[in-house]
Amino acid sequence: MTDKVINKKDWAGSLKGIRDSYRTFVPVREGDFHSFRPFEDDTVPNFDFLNTRLSPKSIVYPQSERMFECLTDPEDPEKGILKEAAKDYSPQAIIGIRPCDAQAFRIVKRNFDNPEYRDPWWVQRFESTVLVGLGCGSPCPTCFCTSVGGGPFQEEYLDAILYDLGDRYLVRGLTGQGKEVVSRLQGGGPADEKAGKDAKALASAAKEKVAARLESDKLGEKEVTALFNAPFWEDVAFSCINCGTCTFVCPTCWCFDIQDEVWGKQVDRIRNWDSCMLPLFTLEGSGHNPRDKKFQRVRQRFMHKLKYYPDKYKNGVQCSGCGRCVRSCPVNIDIRNVARLMNE
Amino acid sequence: MGEHTEKIIETARRLLKDNKVDIFIGYRKGSVPMMNEPVLISDPEKTNQLHWDSNCGLNLCNYLTKRTDRIGIVANGCNSRNIVTHITENQIKREQLYLVGIPCTGMIDPKTIRRAVKFREINEVEERDGRIIVKGDGFEESFDKKDVLQKNCATCLHRNPVIYDELIGEKVPEQEGIDPFKDVKKIEAMKSDDKWGFFTRMISSCIRCYACRNACPLCYCTTCFVDESQPQWVGKSSDPTDTMTFHLLRAFHCAGRCTDCGACERACPMGINLRQFTKKLNKDALELFLWEAGLKEGQRPPMDVYKTDDYNDFIR
Numbered sequence: 054m055t056d057k058v059i060n061k062k063d064w065a066g067s068l069k070g071i072r073d074s075y076r077t078f079v080p081v082r083e084g085d086f087h088s089f090r091p092f093e094d095d096t097v098p099n100f101d102f103l104n105t106r107l108s109p110k111s112i113v114y115p116q117s118e119r120m121f122e123c124l125t126d127p128e129d130p131e132k133g134i135l136k137e138a139a140k141d142y143s144p145q146a147i148i149g150i151r152p153c154d155a156q157a158f159r160i161v162k163r164n165f166d167n168p169e170y171r172d173p174w175w176v177q178r179f180e181s182t183v184l185v186g187l188g189c190g191s192p193c194p195t196c197f198c199t200s201v202g203g204g205p206f207q208e209e210y211l212d213a214i215l216y217d218l219g220d221r222y223l224v225r226g227l228t229g230q231g232k233e234v235v236s237r238l239q240g241g242g243p244a245d246e247k248a249g250k251d252a253k254a255l256a257s258a259a260k261e262k263v264a265a266r267l268e269s270d271k272l273g274e275k276e277v278t279a280l281f282n283a284p285f286w287e288d289v290a291f292s293c294i295n296c297g298t299c300t301f302v303c304p305t306c307w308c309f310d311i312q313d314e315v316w317g318k319q320v321d322r323i324r325n326w327d328s329c330m331l332p333l334f335t336l337e338g339s340g341h342n343p344r345d346k347k348f349q350r351v352r353q354r355f356m357h358k359l360k361y362y363p364d365k366y367k368n369g370v371q372c373s374g375c376g377r378c379v380r381s382c383p384v385n386i387d388i389r390n391v392a393r394l395m396n397e
Numbered sequence: 065m066g067e068h069t070e071k072i073i074e075t076a077r078r079l080l081k082d083n084k085v086d087i088f089i090g091y092r093k094g095s096v097p098m099m100n101e102p103v104l105i106s107d108p109e110k111t112n113q114l115h116w117d118s119n120c121g122l123n124l125c126n127y128l129t130k131r132t133d134r135i136g137i138v139a140n141g142c143n144s145r146n147i148v149t150h151i152t153e154n155q156i157k158r159e160q161l162y163l164v165g166i167p168c169t170g171m172i173d174p175k176t177i178r179r180a181v182k183f184r185e186i187n188e189v190e191e192r193d194g195r196i197i198v199k200g201d202g203f204e205e206s207f208d209k210k211d212v213l214q215k216n217c218a219t220c221l222h223r224n225p226v227i228y229d230e231l232i233g234e235k236v237p238e239q240e241g242i243d244p245f246k247d248v249k250k251i252e253a254m255k256s257d258d259k260w261g262f263f264t265r266m267i268s269s270c271i272r273c274y275a276c277r278n279a280c281p282l283c284y285c286t287t288c289f290v291d292e293s294q295p296q297w298v299g300k301s302s303d304p305t306d307t308m309t310f311h312l313l314r315a316f317h318c319a320g321r322c323t324d325c326g327a328c329e330r331a332c333p334m335g336i337n338l339r340q341f342t343k344k345l346n347k348d349a350l351e352l353f354l355w356e357a358g359l360k361e362g363q364r365p366p367m368d369v370y371k372t373d374d375y376n377d378f379i380r
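Chains as they are written, first to last, in my numbering: chain A, 54 to 397; chain B, 65 to 380.
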């Protein structure tokens, strides 16, 4: 075992030990919320949160990413030739990611890294990222990780995990990369037997606390067209205001849009997060929009997460149960209720 | 305000049964604390879902735009003012509507409540005799409702609906001695650079999800300027210049139309105080044109009218 225990008061100092080897991201309190930020000298990491407002999705998959660039200068012999924009794939570490958000990366990976298609940028950045998780001692009433293949202390998708034992952390390396990170943490000592026991008790107590569920057991056997034409979509979608909140806060939503932006003689080809909730998402060049109506867009989001994705990849739903969409939706459209209707 | 629920259900059922309206728009109780969901009901037997309490924050006027049926709708002060604006701007006809007016004592602000309980997880929020009782794992705290109101409700001067066909309950006294523009004046007093810094910081966490725009009953354009691609007015990346352009232009599109219903702020997932933009314009509309949006049917808003006898020199 490579388990270490580190006193909480030494923890931020301890973390400094890995900054030379990894671009390190830590949770930081900003106003009412926590966000992942680069660990600079004046950064105050704060691990006292239920979950961060936005998932750390953008650390692997930025909201706006320059893919290519070119110049429009007529004098330039390489005018108009697209070249890949410089990207940074140096090793990075996300410290304090919740197990649900780590699982989300695995869910997204099936889309960005499969035999049919491989997204070079997502894959390279994911592969250069070490995930040091923070087990979830007090899951929120809106979380439902245990019904979508996860758990508040699920180690499977992480490289290392932290157990919060009150005044100290137990840190456990889980993969080669994770053990490497743990070995670079300054200070602390080998975990004693009590710490191991406490960690185990903490994890099983937390699992019991996850009360909410997402029901999806019968979705596999349902006909796609029957669900697609189900009578409840208009009612589900009525309150939707077609903003992109649910998709942007979601750690498993991956859709993007590609735009060219010109600044002086510089052209940047950028990909930006897109959202299937926005009418523009499917607007075609001809002017036709196959998802012209609100209920069609709402239906798409839930069908994609709960039916198309599971049918295609045979590996569970496209949701890791973080509950962010439930908490952030301005009109209270609740994926758990929608799943129940679909599953009935 | 919970006592209104029964009467709303009764009224909606009667209106649907008597074929006075085709549909009824109200709220149903939400699945998480401090959250109700807008709902459309067409079956009189399903009216018992309807609910009213201090968590009806999203402006229902959103759901009226360009509908062609006969609609029953609950309307408190700000919602009714937006309905008037909608009628003025030809988005709905008065004769299509049956307004069930609700005197309002304000909506509670989830952000304020979360801060007040130090971000501990909330399982339940109850309302009893003007007190808000917040329960979570191992704690229960109670607050005076007036201390945890949405900021726009705390300074609201039009709590009673301005138009209605039927009123639920008694009118409530309007608040007096309140300066709704205190925060605006603070910003007005800043130097130009500081103002820019203030607004830049304010929107720095914006994720361009457009929840503010879509929650706003004034934003009903078929294609918003940020979604136009020919020409493309605004870049779509998370560039701060584009984000600022979006917020400033959106605010100006609301000049003389905003009722300060607070839906934008309530909807923002990042907690941005969007009303800091629109309130300045409300103040300008009041000072320059003696205008508050949506108070009276049949009045043209200052931004779409020209009068030869305008009292302002600059326009004559």
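Derived by calculation from the structure, the hints in this document are not laboratory data. Please read these numbers as outputs of a predicted model, since none were measured by experiment. No residue lacks a Cβ here, since even glycine has one placed at the ideal position from N, Cα and C. One or more hints might be untrue.
As a list, the in silico DMTMM-like pairs of lysine to aspartate or glutamate whose alpha-carbon atoms are at most 20 Å apart [to be verified]:
#1 B:K175 x B:E153
#2 A:K262 x B:D258
#3 A:K260 x B:D201
Listed below are several chain A residues computed to face chain B (Cβ distance under 7 Å; list not exhaustive) [as the list claims (entries may be wrong)]:
#4 V81
#5 D85
#6 Q116
#7 S117
#8 S292
#9 T298
#10 F301
#11 Q312
#12 E314
#13 Q319
#14 I323
#15 V384
Cross-check of the supplied hints:
Taking the CA atoms of B:K175 and B:E153, the gap is near 33 Å; set against the 20 Å cutoff, the hint is violated. For a cut-off of 20 Å, the pair hint linking A:K262 to B:D258 is broken: about 47 Å separates their Cα positions. With a C-alpha separation of about 16 Å, the suggested pair A:K260 and B:D201 falls inside the 20 Å cut-off, and the hint holds. Checking A:V81 against chain B: minimum C-beta separation of about 12 Å lies over 7 Å; hint violated.
A distance limit of 7 Å between C-beta atoms decides the matter here; for A:D85 the minimum to chain B is near 5 Å, and the interface restraint holds. The closest approach between the C-beta of A:Q116 and any C-beta of chain B is roughly 5 Å, which is under the 7 Å cut-off, so the hint is satisfied. Annotation: interface hint on A:S117 holds; nearest CB of chain B at approximately 4 Å, less than 7 Å. Nearest Cβ of chain B to the Cβ of A:S292: about 4 Å, under the 7 Å cut. The hint holds.
Because the closest C-beta pair between A:T298 and chain B is about 5 Å apart, less than 7 Å, the hint holds. With its C-beta approaching chain B no nearer than about 5 Å, A:F301 sits inside the 7 Å limit, and its interface hint holds. Given the 7 Å rule on beta carbons, the hint for A:Q312 holds: about 5 Å separates it from the nearest Cβ of chain B. At about 5 Å, the closest approach between the beta carbon of A:E314 and any beta carbon in chain B falls short of 7 Å, and the interface hint on this residue holds.
Checking A:Q319 against chain B: minimum C-beta separation of about 13 Å lies over 7 Å; hint violated. Given hint, A:I323 at the interface with chain B, holds; its Cβ is 5 Å from that chain's nearest Cβ, closer than 7 Å. Contact between A:V384 and chain B, as hinted, is supported at the beta carbon level, the nearest pair being about 6 Å apart and thus within 7 Å.
Going down the numbered hints, you'll see the structure goes against 1, 2, 4 and 13, while the others check out.
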